[in-house]
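S.K.: Listed here are the chains, written in short residue letters.
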Amino acid sequence: MRCNATRTLGTTQERYDPMKLVKLLPLALVAALVPAMGLAQEAEAVEEMAEAAAMVGVTQEVTFIFNTLLFIIGGFLVFFMAAGFCMLEAGLVRSKNTTMQLLKNISLFSLAAIAYFAVGFMIMYPGDGWIIDGWLGLPMMTFLEPVGVSFDMVDDPEYASVGSDFFFQLMFCAATASIVSGAVAERIKLWPFLVFVIILTGLIYPIQASWSWGEGWLDEFGFLDFAGSSIVHSAGGWAALTGIIILGARSGKYGPDGKVNPIPGSNLALSTLGVFILWLGWFGFNGGSELAMGGADAVANVSRIMANTNAAAAGGAVGALILSQWLYRKPDLTLVLNGALAGLVSITAEPLTPNLLMATLIGAVGGIIVVITVPLMDRMKLDDVVGAVPVHLFAGIWGTLAVVLTNEDATIVGQIVGILAIGIFMAGASAIVWLIIKAIMGLRVDKESEITGLDTTELGMEAYPDFSKG
Amino acid sequence: MRCNATRTLGTTQERYDPMKLVKLLPLALVAALVPAMGLAQEAEAVEEMAEAAAMVGVTQEVTFIFNTLLFIIGGFLVFFMAAGFCMLEAGLVRSKNTTMQLLKNISLFSLAAIAYFAVGFMIMYPGDGWIIDGWLGLPMMTFLEPVGVSFDMVDDPEYASVGSDFFFQLMFCAATASIVSGAVAERIKLWPFLVFVIILTGLIYPIQASWSWGEGWLDEFGFLDFAGSSIVHSAGGWAALTGIIILGARSGKYGPDGKVNPIPGSNLALSTLGVFILWLGWFGFNGGSELAMGGADAVANVSRIMANTNAAAAGGAVGALILSQWLYRKPDLTLVLNGALAGLVSITAEPLTPNLLMATLIGAVGGIIVVITVPLMDRMKLDDVVGAVPVHLFAGIWGTLAVVLTNEDATIVGQIVGILAIGIFMAGASAIVWLIIKAIMGLRVDKESEITGLDTTELGMEAYPDFSKG
Amino acid sequence: MRCNATRTLGTTQERYDPMKLVKLLPLALVAALVPAMGLAQEAEAVEEMAEAAAMVGVTQEVTFIFNTLLFIIGGFLVFFMAAGFCMLEAGLVRSKNTTMQLLKNISLFSLAAIAYFAVGFMIMYPGDGWIIDGWLGLPMMTFLEPVGVSFDMVDDPEYASVGSDFFFQLMFCAATASIVSGAVAERIKLWPFLVFVIILTGLIYPIQASWSWGEGWLDEFGFLDFAGSSIVHSAGGWAALTGIIILGARSGKYGPDGKVNPIPGSNLALSTLGVFILWLGWFGFNGGSELAMGGADAVANVSRIMANTNAAAAGGAVGALILSQWLYRKPDLTLVLNGALAGLVSITAEPLTPNLLMATLIGAVGGIIVVITVPLMDRMKLDDVVGAVPVHLFAGIWGTLAVVLTNEDATIVGQIVGILAIGIFMAGASAIVWLIIKAIMGLRVDKESEITGLDTTELGMEAYPDFSKG
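Taken in order, these protein sequences are the chains called E, D and W. FYI, in our numbering the residues of the first sequence are 3 to 472. FYI, in our numbering the residues of the second sequence are 3 to 472. FYI, in our numbering the residues of the third sequence are 3 to 472.
Just so you know, these hints were derived from the structure itself, not from any lab. Mixed in with the good hints, there may be bad ones.
The list treats identical chains as interchangeable, and a pair is accepted whether it falls inside one copy or across any two copies.
Stated by the list, open to error - Taking lysine-lysine pairs in the DSSO-like style, the calculated list, with each CA pair at most 30 Å apart, reads:
1) K471 / K440
2) K332 / K449
3) K255 / K332
4) K440 / K332
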């Protein structure tokens, strides 16, 4: 059984109480016999029975369909986040590097899709196929259920179809890589980056994700991360941070005198669109991670999650809006955009249990974290082109810790162990891979190419050739 | 019970006829006894019973799940309209004001989300909590059903989960504010605008919406507005119109000699994208307002609404295309875009009862209204940057009146009273709030700032810094 | 009964075995009597019965709702492809022709919507209303099921509501026209193009589609095209190809010395967004073409289709990425974008039966076809502005042939006959219509207008008026 949040599934399983049906049967029998016998006192008993029968609930197969549909809808929404990341990042780089950013984003998604079915999915959800129990799954290719599989032949009748589960989980894996691409933009070479993506999505991400969602050791330990504040967002953030450090800053970003030169993004309309698309996709990201909607309880939970996810994004945007106005006297659009995203990241570890006010506040803290840590990154000469590390890593840590505020099943120790374990593994594995790639292929374009722009030198294709550059 | 269209719900409730089940039981009993007794004449009775049983329908819990799912899908589609409005408006302002427009749109949505859960939702759907019966609901914070609520504990088992309902209705509230932001663009200050948004979405919109959708006095009066031609679109249009009047036109728009200087939008690709996104979102807007899809009748209605909504948008675009070609010899893209939106607004008051031809024609009239009233606005020196008043207010009035053409439950008196009541309240309340804000904070940026562009002067951040301005 | 893929429906129909319920009844009776009689041996029988009852499946009405919902979701996703095509094409034309491309795309969709309900839908699905049996349906206006239709009155209780079916199929028809608009961009006049669109969507497309999906002669012949590699994509490709030939190349594209002058697109960010939107929409395009999700088998099939569709797109992008790197030493973003689309087109004829590896490979071949045929088109002086013919026609033929690789019901003869029949009819009918329009209205703008740009000369409205042209 595969799950982002094992707990929920439990709830769902309990729903099928066949005994409910049985208890109704004597009543039904009486009701049925009554007219045949021509007795008079039928009315009340029949009424009662009938109403109970009309309520009786949801068959397992209908639940299976609903759960599968949740993954299908969640999957296409999270897929669209690839477009959101692409637009966000393409708008935040300079126009001379836009084609490269577009190419990297569509290529990384495509390679992630291949790497994940080739090995990633089975590593992440090993079932009984662990190499090291709870730590490392066996790499195998994914096979879906056969065409036209009947309900009594599906892998897990209490869950959802394998195809929908794979489709949904693939999108999470790809999102992890999308987080990296923005951070290392404007100076990394295409192919070394893509090699990193293949290893990240085929091996690194699935291994650590198996610890929690594949019923590995972190899950046993009690670490709770509903939809992946740590498992997806911080994981991507750690990979991005190590990339930034190993790659170095863009030339001209940090003056020799410690001065930070702002390099504004070339198309903020595109970036804003990207954030709206990400926000939309997040409804699938968090809502789908309920993993079930085939009962009133499950679908009501999905509803709560939708409302809370939206509240946290709003909180993040407003938090960043107010704080950037207060700090800089002028509100900063890119901080508000990243604030909304940080709000979303913050609620992702627990979008179910908070109430709307709490969700708004959890998101607002995420937005505030962005406003505070973006300049801190610059002070440390960590050149994160799109603010991916503040948004995904820092707000992701906050969101993972914040689970204890509203979910009594979470422990502060469990959360910290999860954060550290994921952080150490992701940073370590990413650093090793970045360094190996650097040694073999090189990571950075040469300085001339960086100054001219990657689109001309690396690709020979401008994104906006008809427009004069200012 | 919350509803956009009380009528529909009635239909749905009738669906649960537990007696249907009961009537089958004697038959079932016979069928069951027959094999046990080894009798011969089983075949026909059994067959008949079995077929009836397989048809018997949908349990209340399954209906509850379907209805909730409709709100979830409808909610994320209507959410995406925030992106549509943002892109439409960002493309129709000049590039020097684009960052401001982007910032206003993401901020207004976020503030609306907070204002609506803090007080708006409960004002709009007071249930028994009216301050003035049918006129003014008690402001309270929204609380959703508890986590993992079981079906026998949900607020309204014949409807949908509270969380999904809140999620869906919030998006309508935010749309009202998005309508305003385009109309008053390019000269309004950020914070005064946002204060207006908070009051609009927390108080003004919910109060008037409670009259119809919260089972208030207009609902009692027989006013019919399925998904909000008046309640959302004209309401937003009135708030926009009063803002335009109090704010005044952009400098340079109207010459002293009565000459109208066209101020073209800077990015029509973005605006066209915005219209496509809005069109997409409208399927959730109107389709979701059926409020139920847990029965064949309800889901067939949702289907009709989808088809009609699309037809009206197409009618509006074609109406504007042909009329602008005929009047100006050159078809006008911005009129066609607004024509499609006006078609959508026109069908919103009654997307269910028209047939496809009628829906197309209702939309076409909306498109024609736009082509005719956009220059009329200019003649009256009402400077509506994006055409929000023609699209949302004028076509909204038309759509509200057009209900009587296809829905025999509607009366022309009922519709006119609704239009007037909403108009008087929205215009009055908006004007008072705009004037108070103007007195306290001021509304307009200074003229120098307007000429230089709000992005540089107010925000210090250009939307397209890499491109030379023409 | 309407279907994209008759086969699937068969599977679904078989699902309703009312006898399953009947067989449980004696058991139920025993279970019911047991407690009444106070007998001892109840436990096991009751348990068994109860579990079976809880599994029993899905009633016809619930299936009807799920199927209808699939069309609704599929329909709005495929609708959004209109936005995808629009952005793709608007980004691939020069900025001086962008407004025209935007106008053409929103107008063609709107006109297609009208033409399809006026005559197209009934031509495509004649039922018993053929003029020439299996070849030509009777043109009639579409009428949907009545408002609030009860389940026992719906047209086809084993399928889905007519409104949802119409809504879904309309989007396919419009997609065919969107394919054409990019190919003939930058030199065709607006109104002649739109007249072609009306005839294409009202008559030409529906006639050939009726042969396969309307249960016409190609369906009888055994031609299999699940979601329309040929019926939609190649059909659109043939219409585009004849248009390109009759219209001629853009001036300056091909030098007198046989030199090909590349004309780069003006906004590749927009084009990339368009491809992501198309990719998203394709989940509805292929997934919805399963035509059912009201059973575990059907919804598991939809899941497979989603996963395979995504895999093929990824394969197409990666195929084009690697081949363009290998051929040109610099990977080409526009080829990668078109490669992803070609992967999608390739899997469209059979997205269900391949496994993930096979789907990836089928898509990769599609991507390779694009990289190879785009320069071939230029060598033949066929000026296809966006690469629509390689993507939709060539990859569509490949995809149609590839059905035999994984679906044993397909025959190579059946597929070739389908490809040829559709090709001959589409090319012939399109050519005749293009030539008649050319004779009556003219097709091309004059040379001066082409050089100045259509936006200024034909429309008087620039897409990006604030930006200096390079």
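S.K.: Are the hints correct? Go through all of them and say.
M.R.: Quick rundown of the hints versus the structure:
In this homomeric assembly, K471 and K440 never come within 30 Å of each other (Cα to Cα): the closest approach is 33 Å inside a single copy and 40 Å across copies. Taking identical chains as interchangeable, the C-alpha atoms of K332 and K449 lie at most 30 Å apart only when they sit on different chains, with a minimum of 19 Å there against 34 Å within one chain. Taking the shortest alpha-carbon separations for K255 and K332, both the intra-copy value of 22 Å and the inter-copy value of 27 Å come in at or below 30 Å. Taking the shortest Cα distances, K440 and K332 sit within 30 Å of each other only across copies (20 Å), while inside one copy they are farther apart (41 Å).
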